[in-house]
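Engineer: Spelled out, the chains give:
Protein chains: 4
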Amino acid sequence: MMIRNISVEGLDQIPIERQRIELVERKCLGHPDSLTDGIAESISRALSAAYLEECGTVLHHNTDQGEIVAGESRPKFGGGIIARPIYVLLSGRATKMFNGVDIPADTIAIEAARKYLRSVLPTLNLERDIVVDCRMGTGSTDLRDIFKSRDDCSLPRANDTSFGVGHAPFSETESIVKGVSAYLDETLRPKYPAIGQDVKIMGLRDGNTITLTLAVAMVDRYCSGLSEYIEIKDIVQERIEEVARKLTSRKVNVAVNTGDDYDRASIYLTVSGTSAEMGDDGSVGRGNRCNGLITPNRPMSMEATSGKNPINHIGKIYNLLATELAQECVAKVEGIEEIYIRLLSQIGNPIDHPHVASAQVLLKPGVGMKSVTPEIESIIDAGLENITSITERVIRGELATF
Amino acid sequence: MMIRNISVEGLDQIPIERQRIELVERKCLGHPDSLTDGIAESISRALSAAYLEECGTVLHHNTDQGEIVAGESRPKFGGGIIARPIYVLLSGRATKMFNGVDIPADTIAIEAARKYLRSVLPTLNLERDIVVDCRMGTGSTDLRDIFKSRDDCSLPRANDTSFGVGHAPFSETESIVKGVSAYLDETLRPKYPAIGQDVKIMGLRDGNTITLTLAVAMVDRYCSGLSEYIEIKDIVQERIEEVARKLTSRKVNVAVNTGDDYDRASIYLTVSGTSAEMGDDGSVGRGNRCNGLITPNRPMSMEATSGKNPINHIGKIYNLLATELAQECVAKVEGIEEIYIRLLSQIGNPIDHPHVASAQVLLKPGVGMKSVTPEIESIIDAGLENITSITERVIRGELATF
Amino acid sequence: MMIRNISVEGLDQIPIERQRIELVERKCLGHPDSLTDGIAESISRALSAAYLEECGTVLHHNTDQGEIVAGESRPKFGGGIIARPIYVLLSGRATKMFNGVDIPADTIAIEAARKYLRSVLPTLNLERDIVVDCRMGTGSTDLRDIFKSRDDCSLPRANDTSFGVGHAPFSETESIVKGVSAYLDETLRPKYPAIGQDVKIMGLRDGNTITLTLAVAMVDRYCSGLSEYIEIKDIVQERIEEVARKLTSRKVNVAVNTGDDYDRASIYLTVSGTSAEMGDDGSVGRGNRCNGLITPNRPMSMEATSGKNPINHIGKIYNLLATELAQECVAKVEGIEEIYIRLLSQIGNPIDHPHVASAQVLLKPGVGMKSVTPEIESIIDAGLENITSITERVIRGELATF
Amino acid sequence: MMIRNISVEGLDQIPIERQRIELVERKCLGHPDSLTDGIAESISRALSAAYLEECGTVLHHNTDQGEIVAGESRPKFGGGIIARPIYVLLSGRATKMFNGVDIPADTIAIEAARKYLRSVLPTLNLERDIVVDCRMGTGSTDLRDIFKSRDDCSLPRANDTSFGVGHAPFSETESIVKGVSAYLDETLRPKYPAIGQDVKIMGLRDGNTITLTLAVAMVDRYCSGLSEYIEIKDIVQERIEEVARKLTSRKVNVAVNTGDDYDRASIYLTVSGTSAEMGDDGSVGRGNRCNGLITPNRPMSMEATSGKNPINHIGKIYNLLATELAQECVAKVEGIEEIYIRLLSQIGNPIDHPHVASAQVLLKPGVGMKSVTPEIESIIDAGLENITSITERVIRGELATF
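Protein chains in written order, with this note's numbering: chain A, 1 to 402; chain B, 1001 to 1402; chain C, 2001 to 2402; chain D, 3001 to 3402.
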């Protein structure tokens, strides 16, 4: 068996927590970009399930495309209207015929998209306020061929020369942004349905001050008037501050819907809880990276993770795996301050044998590379050995991609 | 006048040229993602011109959206056919009515898109092989209001809390990838029209070996058969090697269309010179950053630069300005090995007063921060002072955005 | 008050029952053309209701447009799949803003269309097998103006120089075709759900032989195999013959799905019960006239009745009224063998004052024009006097339009 | 050889010229309904040509579908703008693959449609003011099979139980409407380009008075102001009267754009010469019958002639043939006042053997049926014998269909 090319290096840079400025962003589930990501991933999952059931194997597809074109709405306290529907274009491509078996990829895609929208945006009326259209193609013969040939070999081959990247651990600001997002979804919205699904959280740490700026789409039907709107904003602001303060000893400021101008009646009120209803388009791959965050201070991959096929698309598999490996290293290996893992593929090679798997490690004071390198190598090697576990968990919906 | 918050820090990290692995990618003009970027930017430019002519000022718009849905083609030597047209969806939003003046944003967008496609893909038959559709909205009232209020103040106000980032100088690998792209466009294609506009260049530096992997869409009508196809591939490979070697003393390998499999008649042949004809969709903002490259080893912004309004959209202006400032610093200030500039906005603030403008400098040996800091600060300050020059040059089409 | 221009003439032609050849067709509710008609009328009704509620009056709209683009299906006994969704384009135009009130015509249209489809095609999965898209416009200013000015006068003014036509009584063949359609919908399908909603009935009377040719889309999930398919065909054939024979003493032949070729496994099996799933597009106004039939032996109007506004669109109101008047004349006036009523409008005139209302009467033997003319004139005059009753009943959904 | 079932009967009814009211309408080439008809027929012709070239035979297709969704325009004297593009949806179905040969039906359709639009609407800017989209399907397997099997037999078999109808000669009013249309296209518009292509001509004969009501879309760029607009209207009115008077001794009134209201600045001004730019949608088959007219006083077929395949689609072939046969009878047989020809098919029968070919003849005074019947029978028989000439001339574009 071929030995994997794993490289572990020390990194000599200022740890993120000591850099002066740190910026972290998260687009929550109802943000138009996240909606497209979620739809794209739902479709890939539904297709994978259908392929497995009909053909015994996941066939070629990449649904990491698609666009949400915003509608036009007239929100008003107590409940307004959506005047022009949101338009969702499903594109990408998928195998529609295999060995004489038809797989109705287009209708599977529509069903998956509508089901996902229904689950994420319970406030949206799918019978009137949205159009889900589909122009999915079948892909080029070439790609499908490469995919098919996979059946003969033990492991799929990389679809491209590309790379994935991951880091661990989360910084305080990163943890706070993720924590706030989860808190909103799991705790606060169930109590206050006026809090829409479309929340954008921007975390800015300037030295020891963390400022969280939230843009929260409020749902008009659950808001009787301006005073209730302001009341809920205040609640969000207070609770988020509490949540954030539990996660840091730094100073925390929280600002909610700072663009509001009550005098001009300009507030962030929506009918459905998403800005897609009135002006914000969305595209797959333009929002969160696969760890759920946008982190300009960290290395990032430009690849959309959502919607790509989980069999051989490096842009999906390596980003997910690199993130997992980094987390595992931090959890299991003593002395790591920060770790960055990059997996670089070579088109046509089995995916468990990247061109190079590189770990860059920032050590805690007093720790030497020798004491961490073997364990890190071993974790990376095992992760690659077991790479199809990523595929399987993606298909089962156990791995978030945005 | 308020003093700008400019921070210049030393950076203590391994210079890019001494890191073991460096990855640089460029999607040339005919790549589906670049096509959408180019269309988005063309539309923004055409709208800006129309707004200026009709209303004396650039009105609110963001056309940084849109999707190319691939067609289906049957390439063959000597000239094949496109069986299903490429579908281009223009979305985003634009002001369509201002002070009683109609601005026909939809038809302006279609015209700009078709004109751009005609110029970039002369091999594409726009009368039959493409559909350019438009579902552009008008944006939310809020955003338009903020935009309008601009008239009263000296400078536009930031549309968001966001940031832009730029670096200089280009590494060898970066320079080579850009150089190769320019060489193809300016020198090689005019001689060999079989070389399509859709080229993806992946540069991988592993230590002192630079491997350039090119995926070149060949145009079937200019290719009489497989032997000519191979001949042109060889020419591309040889010439690119020559070009690259002039730019580095490192070892250079060039590989063209490595996925080709002559036995299975699987080659990268196209009718129109772009993979959009047969399986590759494209989205705005998923390809090159505004310096024309994808550079995972460098800090990157996830924001699409193309198509955003050039008046107050931080995701456009700050990325372009940060890149220019970094280049200017390297050109004018002695002793800089690498410089990274980040401009962080605060929503509602005048765009010439970022929340913080931060420069991180990696110095050449023997140089101290004191000797560079004042000059860098001064360059950044002047750049911000003069920030509307970015806007003006964008509108005139003098600044590339992808 | 102005006297109405009513003309009653004797007609000297061979009564329909004594002409050698008579052709009568009906496209039942699930036929693609009828589906578009039904959708168009549903939308007009939903808009009228919304206008009444929001503005106290029905505003300008004409939704007598729209297209069903067929999908692709793979029917099979026991239940097949729809591989490519049916695509429904809603077009036409409607007032979307009136006196500062937004009427969300686009989303109202989508909701009405989906609701109608759900009611007519319970076998169609609206969550996956259909796309309902909307590109409805707002109409030209002119037309809207004319419509608005209506508020000042007692009665709406004709939108066009156009005409409507109606006849009575139904011939035997006409009655049979309508009777068969009702029998299928009300009696047979509830017992045999395999009988799809898309039935085309062609009645040909050649002398004293009536041949009914039915194309019945069978629903695959309710059909276990070919023998059951044939069994149901036989049932349909037998029952229809029974029904028809009750309505005539002529010879009756019934043929069901004559194109079937069992040897080549070519039968009329569908997944959803409509041929729109696999090859038959539909358009508003290309199917039944407003009496529910296509009758080439009778004068017909080419105007689509469905979807037109019920306030001032002659193509809708005059066809419905002419048909009612003809029926009323036959019911109330002794001695009429056949009557044809034509109402000709003049653009801009109040709709109760047609340019001419002309009745052509074929009398029963021994009857003279003098004995019928006054009553006919009086019925027509009263019908015109009471013309807004048509409008009201259309809005309430009490008048069929196709 | 089988004898054809030809029936010639005398008809005992009031000749059209002596009926009191006669209504004749024509939608000229630029009317939205005619535009769709023209596009549909262009596509069928282009496909037929491609099939012949690639496969040696015309393959199954029916492109008698499609929709024009109106745009939005802001006409003004001297030249206005189209703000929202006209949207053209091509649908219908066509064979895209035959014996391993790809026929790019979608792109052929787009090219044909754009080319047709360019020729008919030279005033329309196809680069900006229109979107030509395509969702053409491939038809059901069944239909394609029947079509293929045609190769074995001498003549194609009828696609349906359906009928075609034609009459001759044209009445005075019919001749006038057609003559006026030709005069506008051939003589007047070349001199006065302000006269748009979208003209609707309504001819109403009430006794011995013929009123022609024309709705003429004026082209704004060729109209400097209201006085020129009125001047051109007057010219149209005068010239049309002259033309009409040459064709009749009856009283003629001509009214042009009667809806104009100068005080309210409500006139029929357009940017492109068609009302499709600002509010009028169009559908295939809703305008002129295949003789170029809508004639409610005459028997009419509801079938769209344009776009249907010219091989075996009865709705196309029989309408064209019946019209030709009627004209031929009138030209060659003495004593015919009016003739109505109906051709009734039987699905699956060779198209030259209709179920019945029926001629109804209104004789001139003093003429007996015996003296005309044999010649009429012979003309009909020869026409059926030579029915494929219809197909050939349709493909060559020699027969108008609307």
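I should point out that these hints are in silico values taken from the structure, not numbers from a laboratory. Hints may be right or wrong, so weigh each one.
25 Å max Cα-Cα, derived DSS-like pairs, lysine-lysine [claimed, not checked]:
#1 D:K3076 to D:K3178
#2 D:K3370 to B:K1115
#3 A:K115 to C:K2115
Here are some chain D residues the structure puts well away from chain C; computed CB gaps all over 12 Å [as the list claims (entries may be wrong)]:
#4 R3135
#5 G3164
#6 E3238
#7 G3368
Quick caveat: nothing in here was measured; it's all calculated off a predicted structure. Backbone N, C-alpha and C fix where the C-beta goes; we use that ideal spot for every residue, glycine too.
Engineer: Each hint: holds or not?
Structural biologist: To see whether the hints hold, each was checked on the structure:
Only pairs whose Cα atoms come within 25 Å are accepted, and D:K3076 paired with D:K3178 is rejected, the gap being roughly 31 Å. Between D:K3370 and B:K1115, the direct Cα distance comes to roughly 69 Å. Violation of the 25 Å bound is thereby established for this hinted pair. Annotation: proposed proximity of A:K115 to C:K2115 holds, straight-line Cα distance about 18 Å (limit 25 Å). Distance check on D:R3135: its Cβ comes as close as 5 Å (rounded) to a Cβ of chain C, failing to clear the 12 Å threshold; non-interface status is violated.
Distance to chain C contradicts D:G3164 as a non-interface residue, since its nearest Cβ pair spans about 10 Å, not more than 12 Å. Distance to chain C confirms D:E3238 as a non-interface residue, since its nearest Cβ pair spans about 21 Å, more than 12 Å. Look at D:G3368: its CB is around 18 Å from the nearest CB on chain C, clear of 12 Å, so calling it non-interface holds up.
Of the numbered hints listed earlier, those contradicted by the structure are 1, 2, 4 and 5.
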